Amino acid sequence: MKRVAIVGIGHGKFGVRSDASLRELTFEAVKACLDDAGVSLKEVDSMVTGIAGDEFSLALQPSAQVHDYIGFYPKPNFRVEGACATGSMALRTGWMNVASGLADLVLVVGVEKMTEVPTSVATEIMGRGGDSMWEYPFGTTFPGYYAMMANAHMAEYGTTEEQMAMVAVKNHYYGHLNPFAHMQKEVTLEKALTSFTVAHPLKLFDCSLITDGAAAVLLASEERAKTISTKPVWIAGLGLATDTMRITERESLTSIAASREAARIAYQMAGVGPADIDVATVHDCFTIAEIVAYEDLGFCEKGEGGKLIEAKETYVDGRTPVNVDGGLKSKGHPLGATGVSMAIEITKQLRGEAGQRQVKDAEIGLTHNVGGTGQVAAVHIFRRE
Amino acid sequence: MGEYNKPLPNVNDDSNEFWAGCKEHQLRFQKCKVCGHVRWPASILCPMCHSKETKWIVSEGKGRVYSFAVYHVAYHPGFENDLPYVVADVELEEGPRLVTNIVGCRPDDVKCEMPVEVVWDDVTEKFSLPKFKPCC
Chain C
1 MKRVAIVGIG HGKFGVRSDA SLRELTFEAV KACLDDAGVS LKEVDSMVTG IAGDEFSLAL
61 QPSAQVHDYI GFYPKPNFRV EGACATGSMA LRTGWMNVAS GLADLVLVVG VEKMTEVPTS
121 VATEIMGRGG DSMWEYPFGT TFPGYYAMMA NAHMAEYGTT EEQMAMVAVK NHYYGHLNPF
181 AHMQKEVTLE KALTSFTVAH PLKLFDCSLI TDGAAAVLLA SEERAKTIST KPVWIAGLGL
241 ATDTMRITER ESLTSIAASR EAARIAYQMA GVGPADIDVA TVHDCFTIAE IVAYEDLGFC
301 EKGEGGKLIE AKETYVDGRT PVNVDGGLKS KGHPLGATGV SMAIEITKQL RGEAGQRQVK
361 DAEIGLTHNV GGTGQVAAVH IFRRE
Chain V
1 MGEYNKPLPN VNDDSNEFWA GCKEHQLRFQ KCKVCGHVRW PASILCPMCH SKETKWIVSE
61 GKGRVYSFAV YHVAYHPGFE NDLPYVVADV ELEEGPRLVT NIVGCRPDDV KCEMPVEVVW
121 DDVTEKFSLP KFKPCC
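In order, the protein sequence lines correspond to chains C and V.
Residue 155 in my numbering sits at position 155 of the first sequence; the count goes up by one each step and never skips.
Residue 109 in my numbering sits at position 109 of the second sequence; the count goes up by one each step and never skips.
What the hints contain is simulated information worked out from the structure, not anything from laboratory work.
All values reported here derive from a predicted model rather than from experimental measurement.
All C-beta atoms in this analysis are idealised placements derived from N, C-alpha and C, irrespective of residue type, glycine included.
One or more of the hints may lead you astray.
[Claimed, not checked] A few chain C positions that, by computed beta-carbon distances, are all more than 12 Å from chain V: (1) Arg-23; (2) Ile-125; (3) Glu-135; (4) His-176; (5) Met-245; (6) Gly-303; (7) Asp-361.
[Stated by the list, open to error] The list that follows gives simulated cross-link-like pairs (lysine to any residue, SDA-like), each with its CA atoms no further than 20 Å apart: (8) Lys-6(V) <-> Ile-125(C); (9) Lys-111(V) <-> Glu-156(C); (10) Lys-31(V) <-> Glu-156(C); (11) Lys-31(V) <-> Glu-251(C); (12) Lys-31(V) <-> Lys-6(V).
[What the hints assert, rightly or not] Computed spacing ranges between beta-carbons, pair by pair: (13) Trp-120(V) <-> Asp-19(C): 50 to 60 Å; (14) Asp-108(V) <-> Pro-118(C): 26 to 36 Å; (15) Asn-12(V) <-> Thr-230(C): 55 to 65 Å; (16) Asp-13(V) <-> Pro-76(C): 53 to 63 Å; (17) Asn-81(V) <-> Lys-185(C): 48 to 58 Å; (18) Asp-54(C) <-> Trp-120(V): 30 to 40 Å; (19) Pro-74(C) <-> Val-123(V): 47 to 57 Å; (20) Glu-310(C) <-> Cys-105(V): 30 to 40 Å; (21) Lys-33(V) <-> Lys-185(C): 52 to 62 Å; (22) Ser-43(V) <-> Arg-264(C): 46 to 56 Å; (23) Pro-76(C) <-> Glu-113(V): 52 to 62 Å; (24) Asn-12(V) <-> Asp-361(C): 36 to 46 Å; (25) Asn-12(V) <-> Glu-55(C): 13 to 23 Å.
Please model the complete structure; the sequences and the hints are all you need to start from.
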């Protein structure tokens with residue numbers, strides 16, 4: 001297998017983007033990515049597009065709309081879907097293209113336009129992330145599944161609502177420093193704790209955002225990477241794992257087994273362990289999900305995730321800085337774009353270009369992206385050299 | 001009582017026997033004749049050994065709350081009048097867990113590990129939903 005590097009990054013503004021269509025959002029990210037790499041679209045061999053839902057944008061063949069709009073035809077474009085992990089699966093697919101030798105330069109785009117439909121409809125669509133055939137008659141929604149994980153974690157390990165709110169405080173703090181974030185404002189612990197309850201124990205500020213946005217990275221083979229970038233970021237490990245559709249068939253609700261398995265594979269491939277990770281972006285679709293991710297990725301012992309955030313060990317100057325770009329919580333979660341956006345943050349950190357949010361001397365970074373309630377998870381490890 | 005306006009079960013060859021059982025106030029589960037795995041939801045194949053040989057067993061309808069969530073926001077208009085309502089992951093004594101509602105107590109009183117038993121909600125002429133209430 002060939003070594004593969006990220007040689008270009010382009011992040012669009014996340015938010016309620018009523019000013020831009022799915023196609024325009026994509027163009028914004030692709031243009032920024034190509035400019036960053038100093039490469040023209042003509043040089044790119046193929047493209048992978050991550051879009052999770054046709055129903056948000058009310059469009060069939062959204063990937064064709066995208067490659068048409070940026071004038072990529074007749075070269076290959078391959079659409080990938082993996083619910084909320086779509087972006088990471090697109091990156092993995094792009095990596096496969098280059099690692100196999102099929103292409104030397106591959107554009108990976110993640111995009112989602114979620115606000116074309118009202119919040120209630122968007123949440124209803126995501127609620128089908130459970131199993132509509134069996135669970136829908138009981139009034140299930142997506143936040144409710146994570147609320148069940150939170151209650152199980154609280155009952156088993158004594159995790160508290162305050163600790164979950166601390167995740168929101170941290171991620172909003174970093175989101176307010178990230179110009180691409182959807183909600184660039186800080187939140188106090190008290191405000192997070194007193195926001196209205198969505199599904200107990202999760203309150204408004206425990207939930208991530210419904211967001212429009214796009215992100216793009218350019219992947220290159222080793223030979224091409226050296227001619228394009230002085231600061232290539234290498235993809236050192238990739239892990240992808242799956243689990244049952246229904247949470248009731250999972251061994252436990254206090255852990256996401258697919259995350260643990262994806263992490264195990266990625267650590268093994270990269271030849272590193274949790275203690276080697278200098279900076280990480282994890283899937284904080286809800287605050288409890290970040291706490292569970294600390295444990296599943298090995299940043300702390302099982303059950304100790306709440307204490308890790310309480311000790312501020314996941315802040316920029318902590319033991320393992322996590323989601324110092326604002327995370328899904330504050331940066332926003334445009335499903336298809338999220339995994340690609342995570343890879344962009346890690347690339348910035350490893351290039352030393354993260355500004356006020358920079359983790360000192362970051363050499364090894366990790367992204368963790370979960371689809372649905374844990375039906376799929378992708379973990380990627382990146383290195384500066 | 002007005003017309004039932006919540007989502008109804010989606011019945012197909014896999015789920016037909018389960019919902020027919022509910023109509024008769026029986027919780028029916030499949031037990032694989034080859035490997036003995038008791039499964040929910042129903043399916044043609046055993047997910048453990050892929051055998052089609054199966055028999056239906058009837059659950060006693062007793063179990064415990066593994067975890068739960070108290071919904072304060074409804075995303076389907078049919079549930080608005082029920083707020084706050086409880087969705088739970090209930091583990092039955094026979095093994096399978098299912099997503100259901102906890103009724104017959106205040107939402108604040110629901111706790112993980114709480115013992116519960118099935119209670120039937122005859123929502124339409126065709127469908128009865130298995131819900132659970134606290135028991136000793």
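Here is what the structure says about each hint:
1. Arg-23: It holds; Arg-23(C) is separated from chain V by about 29 Å at its closest Cβ, greater than 12 Å.
2. Ile-125: 10 Å, violated
3. Glu-135: With a cut-off of 12 Å, Glu-135(C) comes too close to chain V, as the shortest Cβ separation is near 4 Å.
4. His-176: With a cut-off of 12 Å, His-176(C) remains clear of chain V, as the shortest Cβ separation is near 26 Å.
5. Met-245: 9 Å, violated
6. Gly-303: 15 Å, holds
7. Asp-361: Since the minimum Cβ distance to chain V is about 41 Å, Asp-361(C) lies beyond 12 Å and the statement holds.
8. Lys-6(V) <-> Ile-125(C): 16 Å, holds
9. Lys-111(V) <-> Glu-156(C): Holds. Lys-111(V) to Glu-156(C) sits at ~12 Å (cutoff 20 Å).
10. Lys-31(V) <-> Glu-156(C): 30 Å, violated
11. Lys-31(V) <-> Glu-251(C): Distance of about 19 Å is within 20 Å: holds.
12. Lys-31(V) <-> Lys-6(V): 30 Å, violated
13. Trp-120(V) <-> Asp-19(C): 50 to 60 Å: Holds, since Trp-120(V) and Asp-19(C) (Cβ atoms, about 52 Å apart) stay within the stated range.
14. Asp-108(V) <-> Pro-118(C): 26 to 36 Å: Roughly 31 Å apart at Cβ, these two residues keep to the hinted range, so it holds.
15. Asn-12(V) <-> Thr-230(C): 55 to 65 Å: 58 Å, holds
16. Asp-13(V) <-> Pro-76(C): 53 to 63 Å: Violated: the Cβ-Cβ distance is about 39 Å, outside 53 to 63 Å.
17. Asn-81(V) <-> Lys-185(C): 48 to 58 Å: Distance hint for Asn-81(V), Lys-185(C) is violated at roughly 35 Å.
18. Asp-54(C) <-> Trp-120(V): 30 to 40 Å: 38 Å, holds
19. Pro-74(C) <-> Val-123(V): 47 to 57 Å: Since Pro-74(C) and Val-123(V) have Cβ atoms about 54 Å apart, the given range 47 to 57 Å holds.
20. Glu-310(C) <-> Cys-105(V): 30 to 40 Å: Holds - the Cβ-Cβ distance for Glu-310(C) and Cys-105(V), about 32 Å, lies within 30 to 40 Å.
21. Lys-33(V) <-> Lys-185(C): 52 to 62 Å: Taking Cβ atoms as reference, Lys-33(V) and Lys-185(C) lie about 59 Å apart, which means the hint holds.
22. Ser-43(V) <-> Arg-264(C): 46 to 56 Å: 29 Å, violated
23. Pro-76(C) <-> Glu-113(V): 52 to 62 Å: Roughly 53 Å apart at Cβ, these two residues keep to the hinted range, so it holds.
24. Asn-12(V) <-> Asp-361(C): 36 to 46 Å: 57 Å, violated
25. Asn-12(V) <-> Glu-55(C): 13 to 23 Å: 22 Å, holds
The earlier numbered hints that this structure contradicts are 2, 3, 5, 10, 12, 16, 17, 22, 24.
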